[in-house]
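Enquirer: This is what each chain is made of:
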Amino acid sequence: MDRGIIRVLVAKMGLDGHDRGSLIVTQALKDAGMEVIYTGLKNTPEAVANIAIQEDVDVIGISILSGAHLVLVPLLFEALKRNGAEDIPVLIGGVIPSPDFPKLKSMGVKEIFPPGSSLDSITEYIRCLKSEKGGRK
Amino acid sequence: MEENKSVNDIVKKIKEGHVRSIAKLITLVENHDPISVGVIKHVYPDCGKAHLVGVTGPPGVGKSSLIAALIREFRKRKKSVGVLAVDPSSPFSGGAFLGDRARMVELSGDKDVFIRSLASRGMAGGLSAAVNDAADILDVFGKEIVLIETVGAGQSEVDIAKIAHTVLVVLMPGYGDQIQALKAGMMEIADILVVNKADKEAADATATDLFVVQGLKSKRDGSWAVPILKTSALSGEGIEELVEAISNHYRFIKEHDLLTKKNRERRTREFLDILTRQIRDEFMEQIEEDQRLRQWVQKIGDLELDPYSASEQVITMIREARQRKIGKETGPKPEAAQES
Amino acid sequence: MFDRKTLENIRKVQEEWEKETLRERKEQFTTMSGIPVKRVFTPADLADRSIDFMKDISFPGNYPYTRGIHPTMYRGQLWTIRQFMGFGDPRKSNERLKYLMKSGAPGLNVAFDLPTINGIGSDHPLARGEIGRDGVPVNSLEDVEELFDGIPLGEVSTSLVIAYPPIPCMYIVVAEKQGFKPHQLRGTYQNDSICRDVAANVRVIPRRAELKLCVDLVEYSTKHMPLWYPISIVGYQIREKGCTAAQEVAFTLSDGIEFVNAFIQRGLDVDSFGPRLSFMWNAHNDFFEEIAKYRAARRIWARIMKERFKAKNPRSMQLRFHTQTSGVSLTAQQPLNNVVRVAIQALAAILGGTQSLHTDSMDEAMALPTEEAVKLAVRTQQILACESGVTNTIDPLGGSYYVEWLTKEIEDEALAYIRKIDEIGGVIEAVDTGYIQKEVTKAAYEYQRKVEKGEEIIVGVNDYVEDGEERKLNLLEIDESFERYMCQKIEGLKARRDRSAVEKALDDLRKAAFRDENLMEPTMAAVKAYATLQEMWDVYRERYGTFDEKTHLHGVE
Numbered sequence: 001m002d003r004g005i006i007r008v009l010v011a012k013m014g015l016d017g018h019d020r021g022s023l024i025v026t027q028a029l030k031d032a033g034m035e036v037i038y039t040g041l042k043n044t045p046e047a048v049a050n051i052a053i054q055e056d057v058d059v060i061g062i063s064i065l066s067g068a069h070l071v072l073v074p075l076l077f078e079a080l081k082r083n084g085a086e087d088i089p090v091l092i093g094g095v096i097p098s099p100d101f102p103k104l105k106s107m108g109v110k111e112i113f114p115p116g117s118s119l120d121s122i123t124e125y126i127r128c129l130k131s132e133k134g135g136r137k
Numbered sequence: 001m002e003e004n005k006s007v008n009d010i011v012k013k014i015k016e017g018h019v020r021s022i023a024k025l026i027t028l029v030e031n032h033d034p035i036s037v038g039v040i041k042h043v044y045p046d047c048g049k050a051h052l053v054g055v056t057g058p059p060g061v062g063k064s065s066l067i068a069a070l071i072r073e074f075r076k077r078k079k080s081v082g083v084l085a086v087d088p089s090s091p092f093s094g095g096a097f098l099g100d101r102a103r104m105v106e107l108s109g110d111k112d113v114f115i116r117s118l119a120s121r122g123m124a125g126g127l128s129a130a131v132n133d134a135a136d137i138l139d140v141f142g143k144e145i146v147l148i149e150t151v152g153a154g155q156s157e158v159d160i161a162k163i164a165h166t167v168l169v170v171l172m173p174g175y176g177d178q179i180q181a182l183k184a185g186m187m188e189i190a191d192i193l194v195v196n197k198a199d200k201e202a203a204d205a206t207a208t209d210l211f212v213v214q215g216l217k218s219k220r221d222g223s224w225a226v227p228i229l230k231t232s233a234l235s236g237e238g239i240e241e242l243v244e245a246i247s248n249h250y251r252f253i254k255e256h257d258l259l260t261k262k263n264r265e266r267r268t269r270e271f272l273d274i275l276t277r278q279i280r281d282e283f284m285e286q287i288e289e290d291q292r293l294r295q296w297v298q299k300i301g302d303l304e305l306d307p308y309s310a311s312e313q314v315i316t317m318i319r320e321a322r323q324r325k326i327g328k329e330t331g332p333k334p335e336a337a338q339e340s
Numbered sequence: 001m002f003d004r005k006t007l008e009n010i011r012k013v014q015e016e017w018e019k020e021t022l023r024e025r026k027e028q029f030t031t032m033s034g035i036p037v038k039r040v041f042t043p044a045d046l047a048d049r050s051i052d053f054m055k056d057i058s059f060p061g062n063y064p065y066t067r068g069i070h071p072t073m074y075r076g077q078l079w080t081i082r083q084f085m086g087f088g089d090p091r092k093s094n095e096r097l098k099y100l101m102k103s104g105a106p107g108l109n110v111a112f113d114l115p116t117i118n119g120i121g122s123d124h125p126l127a128r129g130e131i132g133r134d135g136v137p138v139n140s141l142e143d144v145e146e147l148f149d150g151i152p153l154g155e156v157s158t159s160l161v162i163a164y165p166p167i168p169c170m171y172i173v174v175a176e177k178q179g180f181k182p183h184q185l186r187g188t189y190q191n192d193s194i195c196r197d198v199a200a201n202v203r204v205i206p207r208r209a210e211l212k213l214c215v216d217l218v219e220y221s222t223k224h225m226p227l228w229y230p231i232s233i234v235g236y237q238i239r240e241k242g243c244t245a246a247q248e249v250a251f252t253l254s255d256g257i258e259f260v261n262a263f264i265q266r267g268l269d270v271d272s273f274g275p276r277l278s279f280m281w282n283a284h285n286d287f288f289e290e291i292a293k294y295r296a297a298r299r300i301w302a303r304i305m306k307e308r309f310k311a312k313n314p315r316s317m318q319l320r321f322h323t324q325t326s327g328v329s330l331t332a333q334q335p336l337n338n339v340v341r342v343a344i345q346a347l348a349a350i351l352g353g354t355q356s357l358h359t360d361s362m363d364e365a366m367a368l369p370t371e372e373a374v375k376l377a378v379r380t381q382q383i384l385a386c387e388s389g390v391t392n393t394i395d396p397l398g399g400s401y402y403v404e405w406l407t408k409e410i411e412d413e414a415l416a417y418i419r420k421i422d423e424i425g426g427v428i429e430a431v432d433t434g435y436i437q438k439e440v441t442k443a444a445y446e447y448q449r450k451v452e453k454g455e456e457i458i459v460g461v462n463d464y465v466e467d468g469e470e471r472k473l474n475l476l477e478i479d480e481s482f483e484r485y486m487c488q489k490i491e492g493l494k495a496r497r498d499r500s501a502v503e504k505a506l507d508d509l510r511k512a513a514f515r516d517e518n519l520m521e522p523t524m525a526a527v528k529a530y531a532t533l534q535e536m537w538d539v540y541r542e543r544y545g546t547f548d549e550k551t552h553l554h555g556v557e
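Residue numbers (my numbering), protein chains in the order written: chain A, 1 to 137; chain B, 1 to 340; chain C, 1 to 557.
One chain only, chain A, in its complex shape (with noise of 0.2 Å):
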């Protein structure tokens, strides 16, 4: 049985055109037996978010570099919620002032990965989100 493979989302949401980052993750999560699926850049949080459902993902990864987080993931949520799935974690990558953390938790990210983050505890951080939540229903 598969039960163990990790579907993960790799999205990259407005403007932003910085994708080293989120194409090194991609990479490494993949040699890391993972299934990645990449959204490319410019998506729109609804989009995100429909992609998501539909790939039925375990885990959102959005990477943000340009400042806009404060705005977009909010949006994002909304939309997850909107079609009853903010059951989803989603966890962020990228230039985030420290001073945003918080917010970004209380709006419901999981965590956050500024730069300096190791690939490594990335990876091993989504296989833990994944083991809590018990395997696939």
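In case anyone wonders, no lab produced these hints; they're calculated from the structure.
Among the hints, erroneous ones may be present.
To be clear about the criterion: a stretch of chain B counts as covered by chain A if any three or more of its residues have a C-beta under 8 Å from a C-beta of chain A, and this derived list gives those stretches [claimed, not checked]:
#1 22-31
#2 111-121
#3 161-168
DSS-like mimics (lysine-lysine), calculated; alpha carbons at most 25 Å apart, straight line [to be verified]:
#4 Lys181(C) <-> Lys528(C)
#5 Lys110(A) <-> Lys24(B)
#6 Lys24(B) <-> Lys133(A)
#7 Lys81(A) <-> Lys111(B)
#8 Lys12(B) <-> Lys81(A)
#9 Lys81(A) <-> Lys15(B)
#10 Lys81(A) <-> Lys24(B)
#11 Lys13(B) <-> Lys81(A)
#12 Lys111(B) <-> Lys133(A)
#13 Lys133(A) <-> Lys230(B)
#14 Lys76(B) <-> Lys254(B)
Sample of chain B residues lacking proximity to chain A, with all beta carbon distances greater than 12 Å (derived) [unchecked claim]:
#15 Gly38
#16 Ser89
#17 Leu107
#18 Lys254
#19 Thr260
#20 Thr276
#21 Arg292
#22 Pro307
#23 Ala310
Please read these numbers as outputs of a predicted model, since none were measured by experiment.
We put the beta carbon where it would ideally sit given N, CA and C, even for glycine.
With chain A's structure known, arrange chains B and C on it following the hints.
Expert: Frame of chain A; chains B and C shown alone:
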């Protein structure tokens, strides 16, 4: 029973068109979860309305963009569309980069388009074992067209032909070696040949080459003349004609009684695949429990036992094991004691 | 450079000297880009690479310009301090421009925000949350007027980090209103659509259409703006994406080749635009590698312009460039460390002979810089210029056995890539087929792995880590007030302006676009009528279509 309750719940949700449930069900299918088997058994009789269209070809020819263009055209004609985009799993890590979705992002908001990326998870033919069931689920969900995208990996691409009613083989101009690779099998499965990126210079030349190699007759469907179409997914050129050709092919196979034949072949093939897999899974389970089996596998590896003999012995063992189980459940039978 | 006997002797002694296996800290030492580095370099190494003083090194201001493009370099004129800036709204950015000029940073260098770069207005749905975050928002001529209010454009040198006609036209019109003619203006447009595309992932219209607009700008500029550099061919961004130093050189110069070809195809003589080409490089961590990189780039480009494009004017062969210190090398952890990093990177750029320089501020790993932080960045350059003595002579590292060897090494590697891209059919083709993206993603991933294995150390991040509170810096805040202000402005503008004049101008622009004419003059007319940026861009999009983001390849395997 608990399981039955879940199965019924899920079946209800699918028929209601609840997207999240469908997505989760496909995941269960991918994981060979018994609940999904229960659901499939339930909905199986309702299958058969969707037109399954396979889209294959070498990497880089623009299959995903072509599919996006096809979806738009189908949607103009008010058809409900499903897409299964299959990408290879890494043989080393088991992970996969599922990037086809990125080409279809704008369609994510359309309620009548359902796109799912699948990793091949060790299947050699470039397809995922889940494709059959996933296609059935989308069928029952109400999708009139189900596009199945796979990477043409040279010789092993024929699997798509065993599932799809219509197979599109997509190529690109000026891709010199591809004609060679095609002779290996891809040409034979094509119902429609598409030369994408037709805005490139060599498009006409490639189309001509293909015409020569392909000849006039289809290898699959007798009198169906395989059309060679030029498209440009970016500009939209040729897409309407392609959709027409796809509809024409479906009409053709229905009129010539080939649809039933194909479905039959698909289901038979599916049955054998499932059977093989279940037997193999059963065997793997037995290895866990039976030390004898483990030793055997070792003997094969050490060249002490040839695979044929081993296989024959294993089949015997499985029979025995089953008999033992039956014996446990119903009490010892006189014959059981004579089995060794 | 050395006679055979001397070389033989050197080699003999070196062999003796290397006989004993001595313990070193690592198995192998490499540059940041992965070039293996020997313990010591000697004249024999130069001889082995056939490096010839007159042919390869020569004098500053002499072909192939390895040592610098001017005979006097910083002894004649120091590099321009040109700090990249732009945020909030035009008023805020105007304040910051004046602040920088007051602090002794005379080169203006303006960034535009993401919606502006993408050709959409501040009131567009996709602009939500993005206004003024990493550049100035500009919706119309009004905004550029506000941006340069009180700054006489004929007396400054301005770099506009933007491509395509609208904003350059706005700049020219504002200058005219101030009383300055186009031929008096000094500065640069970035105008490098290829770099924008591949490295910054900014794609609005299809690639070849973007190139056409780029050529329009250059054609106009060549005729009307003799003091202006209408293009800055950029390597900074792609290096930030993670490629190696040699790749930075190769991909950028291949870019340059593509542009030169396009300009020639338009009918421009190579020597008419050659002297007005400029480049932009990254200044990254590996000190000597960066210096060698700049030298190699100059040498390669000089030869390309002379031999491949048959330029006659020496100024066409001179690679003049601006440098920006690497943003991605800055850390959020222990931000004061960044001051040191930037100083070293800036020094490398100076020893590499840059014409202008931007130094990052210490807080830029987390936000746009505060006034205090940017001032320190400016002072860094001033201290290097005035106190370090490195400007007393030109190309002081020329002749260093290591640096000359490394220059040749990078040159050879870059040339191999350039050849490969030529084979593929040029840089746009290489991008369409994903070749460049693949190479860059691969290099970036390998580097990241090295960092995580501890093979590459980042102080404060994977070594010398401090737990607990990171130093609290006062960070620059961008809030929604900018968005509201800009949206209000657009509303007000649309109410005030002459509707029919705008529509006529846009219509003329549309006709010119469909006739494939140079779009500078028609755009300028639309700008004068106060058409909005988005309105002009919508016309471009009508003509050329929108870039299909979905077809872009990302290079993940």
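Enquirer: Give a verdict on every hint.
Expert: Hint-by-hint comparison with the structure:
1. 22-31: holds (count 7)
2. 111-121: With 6 residues close enough to chain A, the hint holds.
3. 161-168: violated (count 0)
4. Lys181(C) <-> Lys528(C): holds (15 Å)
5. Lys110(A) <-> Lys24(B): Roughly 22 Å between the alpha carbons, so the hint for Lys110(A) and Lys24(B) holds.
6. Lys24(B) <-> Lys133(A): Roughly 14 Å between the alpha carbons, so the hint for Lys24(B) and Lys133(A) holds.
7. Lys81(A) <-> Lys111(B): Roughly 17 Å between the alpha carbons, so the hint for Lys81(A) and Lys111(B) holds.
8. Lys12(B) <-> Lys81(A): holds (22 Å)
9. Lys81(A) <-> Lys15(B): holds (22 Å)
10. Lys81(A) <-> Lys24(B): holds (17 Å)
11. Lys13(B) <-> Lys81(A): Roughly 18 Å between the alpha carbons, so the hint for Lys13(B) and Lys81(A) holds.
12. Lys111(B) <-> Lys133(A): violated (29 Å)
13. Lys133(A) <-> Lys230(B): violated (49 Å)
14. Lys76(B) <-> Lys254(B): holds (24 Å)
15. Gly38: Label holds. Min Cβ-Cβ 14 Å, cutoff 12 Å.
16. Ser89: Incorrect as stated: the minimum Cβ-Cβ distance to chain A is 8 Å, not above 12 Å.
17. Leu107: violated (9 Å)
18. Lys254: holds (30 Å)
19. Thr260: Fine: 32 Å to the nearest Cβ keeps Thr260(B) off the interface.
20. Thr276: holds (16 Å)
21. Arg292: Fine: 24 Å to the nearest Cβ keeps Arg292(B) off the interface.
22. Pro307: holds (25 Å)
23. Ala310: holds (25 Å)
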